[in-house]
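There are 2 protein chains.
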Amino acid sequence: MIVSALLTSLAINSALCVLFFTLYSVLRKQPSNYDIYAPRLLAEGTSTQRSFNLERLIPSASWIKKAWNLSEEELLSSSGLDAVVFMRLITFSLKIFSFAGIVGIFVLLPVNCLGDQLEDVDFSDLSNNSLDLFTISNVKNGSSRLWIHFSAVYAVTGFVCFLLYYEYEYISSRRIAYFYSSKPQPHQFTILVRSIPISPGSSISESVERFFTEYHPSTYLSHMVVRRTNKIRSLFDKAKKVWGRITQLQSDPSHNKYQRDGCFGLFGHKVDMKLEDIEENVRLEQSGGTSAGEEVRAAFVSFRSRYGAAIASNMQQSVNPTQWVTEQAPEPDDVFWPFFSASFMRRWISKLVVIVACILLTLLFLIPVVFVQGLTNLSQLEVWFPFLESILTMDIVSQVITGYLPSLILLMFLKIVPPVMEFLSSIQGYISHSDIENSACSKVLWFTIWNVFFATVFSGSALYQASIVLEIKSIPSRLAVAVPAQASFFIAYVLTSGWTSTSSELVRIFPLICSLIRRPFTKSTDNELEVPSIPYHNNIPRILLFGLLGITYFFLAPLILPFLLVYLCLQYIVFRNQFINVYAPMYETAGKYWPIVHNGMIFSLVLMHAIAVGIFTLKKRPLLSTFVVPLPVLTLLFNEYCRKRFLPIFIAYSSETLIKKDREDQNDTAMAEFFNKLVTAYQDPAFLPVQFSANTDSLSSPLISSEV
Amino acid sequence: MIVSALLTSLAINSALCVLFFTLYSVLRKQPSNYDIYAPRLLAEGTSTQRSFNLERLIPSASWIKKAWNLSEEELLSSSGLDAVVFMRLITFSLKIFSFAGIVGIFVLLPVNCLGDQLEDVDFSDLSNNSLDLFTISNVKNGSSRLWIHFSAVYAVTGFVCFLLYYEYEYISSRRIAYFYSSKPQPHQFTILVRSIPISPGSSISESVERFFTEYHPSTYLSHMVVRRTNKIRSLFDKAKKVWGRITQLQSDPSHNKYQRDGCFGLFGHKVDMKLEDIEENVRLEQSGGTSAGEEVRAAFVSFRSRYGAAIASNMQQSVNPTQWVTEQAPEPDDVFWPFFSASFMRRWISKLVVIVACILLTLLFLIPVVFVQGLTNLSQLEVWFPFLESILTMDIVSQVITGYLPSLILLMFLKIVPPVMEFLSSIQGYISHSDIENSACSKVLWFTIWNVFFATVFSGSALYQASIVLEIKSIPSRLAVAVPAQASFFIAYVLTSGWTSTSSELVRIFPLICSLIRRPFTKSTDNELEVPSIPYHNNIPRILLFGLLGITYFFLAPLILPFLLVYLCLQYIVFRNQFINVYAPMYETAGKYWPIVHNGMIFSLVLMHAIAVGIFTLKKRPLLSTFVVPLPVLTLLFNEYCRKRFLPIFIAYSSETLIKKDREDQNDTAMAEFFNKLVTAYQDPAFLPVQFSANTDSLSSPLISSEV
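Protein sequences, first through last, are from chains X and S.
Going by the numbering used here, the final residue of the first sequence carries number 708, and the count climbs one at a time with no gaps.
Going by the numbering used here, the final residue of the second sequence carries number 708, and the count climbs one at a time with no gaps.
If you're looking for bench data, these hints aren't it; they were derived computationally from the structure.
Treat the hints with caution; some may be incorrect.
Unchecked claim - Each computed DSSO-like pair below joins lysine-lysine, with the alpha-carbon atoms no more than 27 Å apart:
(1) S:644 - S:620
(2) S:351 - S:95
(3) S:65 - S:95
(4) S:660 - X:644
(5) S:644 - X:351
(6) S:415 - S:660
(7) X:351 - X:140
(8) S:351 - X:644
(9) S:644 - X:592
(10) S:644 - X:644
(11) S:473 - X:473
(12) X:660 - X:677
Stated by the list, open to error - Per the computed footprint, the stretches of chain X lying under chain S, defined by three or more beta-carbons under 8 Å from a beta-carbon of chain S, are:
(13) 67 to 79
(14) 639 to 645
Stated by the list, open to error - Just a sample of chain X residues kept apart from chain S, beta carbon distances all over 12 Å, derived:
(15) 533
(16) 588
(17) 658
The beta carbon of each residue, even a glycine, is placed where N, CA and C say it ideally should be.
Isolated chain X (complex conformation) (with noise of 0.2 Å):
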């Protein structure tokens, strides 16, 4: 790509961007609209319906200053330490690249400038020059100079690793007080036991009691055992939407309730089915219905104290280990329920299944991508298509494909990817939204990660990605080779794909046209309102990636940084705001995404030593490729004292944190109605009594209880 092309896709990316913005200046000012761009703020009443005035139809920037002045502790308590921890992701990210930045921009462009390696620089008219004159390729092989480079790399790292110590401690210090300063909550006290062995003449329910009884008597409080209710809850779902219908029709404006589901009652359904019979059938299904709501092998066993719990969650229970598995339970409404119909050996099976698909989707992915990277290529399209040759010829046809249709077409087939992930997620035995979504982040950041940067990286210069991983030895000789080489289709990915995912983000796109596909059939807006939740699944990787691409090009090509950087600040100042206006916490994990991230970071880390061992060796100063190598080994050193020293705090907490925190509800008199609460905390939302009034149970589901 040259010059040109780049600031071609800079004018049109930068035009989007300021065009989306000062869209939703007014879009977001339209009453009409309240429900998709601050359907939080409504569903908390603090929105009120303005009367029109000219106001409405300005852009305004008063946004962008409510979002800026939120404060980290505002933040903790509106949409709970989740979306701390995301924030502070990317704070952390503009850390590092403000820092590689200036190293990039200041010392290693200039260096990478005034090489001559490259011989058809033409400096009379800079835009017709390949971008590759900016980049590590310029410098002469065997130049001193690249000892800049070389120490370049030493200092990110050190900056990296010292930041990412600091990060973790911090949010590790966070969740353990997050958990000090929060309410008695039932997953707390509650542990999820499964397989748990069929005695003959005793029900599941009779075996639960029996056991906990026998081997927790001072802490074990009550059980709820899990029942298969799939029949059940396709009623309920039924009933839902027969129910949704009503309302609407009735256009009550005061039924503004929190709703989590899909856009149910968007086309319509015949009112004149009776939800009476409906509740008829589920209250026959609830009472006798054995069928239905048969028994699983699993139940909610909840104790006296978190200390309990945890010690019975810890603690292998049976002389089998696979019986009586024990695991901390999730938030009553995070509970993934359609999934307790699993033994061990199925659940087992299925999780085999999951990662032979999630091989199978990356592999079959790598289709798409390969034709995005033959679109970037103009003249193979030519061959493929001769008769576009008149079009292609064009100077703004030519500059549009090669310098932004590609990556936009990659970025489409990439959005399917997070809701494939999280359905295979499903799948694979989950017991809770929360574990499902952050199990998707893992997938959707390693695919990321191997679709969108191995993948550009290999098939663009040739196809042995699924050869390369083979040898090992070959590795930096190779991305050394091919990496350099896709520099500039990154510096535009990160234009296109970055600034524009920003951008459609902040104007929420697909649901604003749902929203006014469904307007004219919809007499009323806002009774149907959703408050959705942040998807953490697709946005964490995303901004991953571009950390893996800011960390292996920064001294590539340092002209990546500056696209990076303000790609980052949008993202500070858009998902402050839609914390703000737009997403409400579904579940809280209490910062359980960041050990995903310390990951990702190391990773982008040691593949940068393995690009630069490689670039060193083919810059001819195989010396600086021998003083690269121990820079990855201390990485992973590094990285196997923070597993050490911050991982447990993710995965459970301390005997002396539940001690403690148990000590302080003692002598708490509030403490006996919530054991009461506790009692039916996990009775399945298909069990509730079915009421189609409006009250909010905050212990039980609020999901359904209070909807339907």
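Dock chain S against chain X, hints included.
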């Protein structure tokens, strides 16, 4: 190697075996050798001195009958569960290779012989044929008879996996039964706490007391802070030597005690060195010497119940995971005291150093192996040492050199590895002799597999070991070329190394020589009696290596199997005899060695599958190669299932087990006395009252308290 060379080797080794067995039959009956061949019986007082008669000079086989008749229950009661598990490893291998032997000798061997791939077969004089005649190399390329080999690979894999599952299950149940039947033991009630944080103004002892009374008030019993006692210990060692010398001079035959330390008193000491001086020194150190008895940030903490101890050791205690690090305590006798001077950081670093040292040892060890490989190649030897040509051309010399010498030299080199690995494990931070041996066992196993199997296989054809692992894709094809080429070497290896090691184990050559040298210098032999414990880290890897050879070669060169079966039968008889007469258990891991055996076997299977894939491709049957591929996948899945099903049992006991066992003791009146003893059970032997008498305390360390 040709058939006649193998026959020569067979003759030499059979003769040696018969000789050693006869020698043993005679030597064991000489009273002067009782301390070598029956130290255990002597220590237990069951072996009585017999008067001289002719019978003593006639070889007899009565010991074989006695060893044969030993039942598993007898072995369990006399030598503990570890001995049972060790014997089961041998019977397990016997079962596998009986099955593989039947398949190999009666099915595969005829198929191989009837092939005609090798042209220079001379049926008139079998002894001049190459051993390759009996290997898969002789089967015609593309022959449909390879289906037989293919089926054999599947059948043997299935059989091994079935047996592995059955054995794992059996040993797990034995382990639990052993725990249920055990008397209350100090290590069941005690944990070791390390990295205790230093709080200003209070001693470590006070910190421990405060922490555990705070967080484990109902179960905490007492604690014992570990002290740095290197100086006292060295004084003790001196005292022990002098004491040994004195008792030796007194020639008091009633002083037959267990002694497990080296051959001290061997080369004499100055007897005028006053014992009282040392005693005085020790007393001084114990009372006032704060520098020598400095407190270490570690303590043994005892609890009132096994379950209480297990909770404290399984749960993360402190908010900071690198502080208050807990683990189950070893038996008091088993504690490796010299270690206790390391912090979390130092322990971690020493572990890394040990890993690097192991890798270096593995790499440096290749040099003698390559030299040994040179010896098997006569022509190369003639090139190196031209002056030997006249000797080397002699028939008998050449056969001895090719058939016997190479593996003997390799054997001598391998002898030094287990002690070195044990030393490395001891500085790695383990707190007990059993953990050190267990870790050394794994180290020796992988070392042996790498340096005997892989180094022989690859340096035999070319020196590309290091590069081979880095090119994963080409491993099967390279193995397929190199492994069958070394079949004759490994057949000879089983004969020499296997058979010889068994005989030398029986005759106990090294202790015998040691005793013969020592006898002239000492007047009485039986007061320095030393009952050795079996070095598992030496014997288990050796048997597993032969298992690996058997599994990988059974379908390539089935001729190896009869030799292997003879080896295993010899081992079976010899070790049963040694358990009766020689080895006393020093500690009890209750079968913790089995997971190492299991992993070793799984590795052997997967390696065999890799070779099979390569061989079938080489033999122009790519279809068979493809059909073999599911086999390693299934084997690894099987292994993964076993890890989930059985491994947790070998790591910690379950709540169910612990609570049941605790309840049994609840009404036992002897428990009060036990708890009294428990308080001082983990006293450092260096701090026990200095008493040069002979009463044995079952709870305190019998090693030193009873001797000194």
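Inset, instruction - Output the numbers, in ascending order, of every earlier hint that fails for this structure. - result: 1, 2, 4, 6, 7, 13, 17
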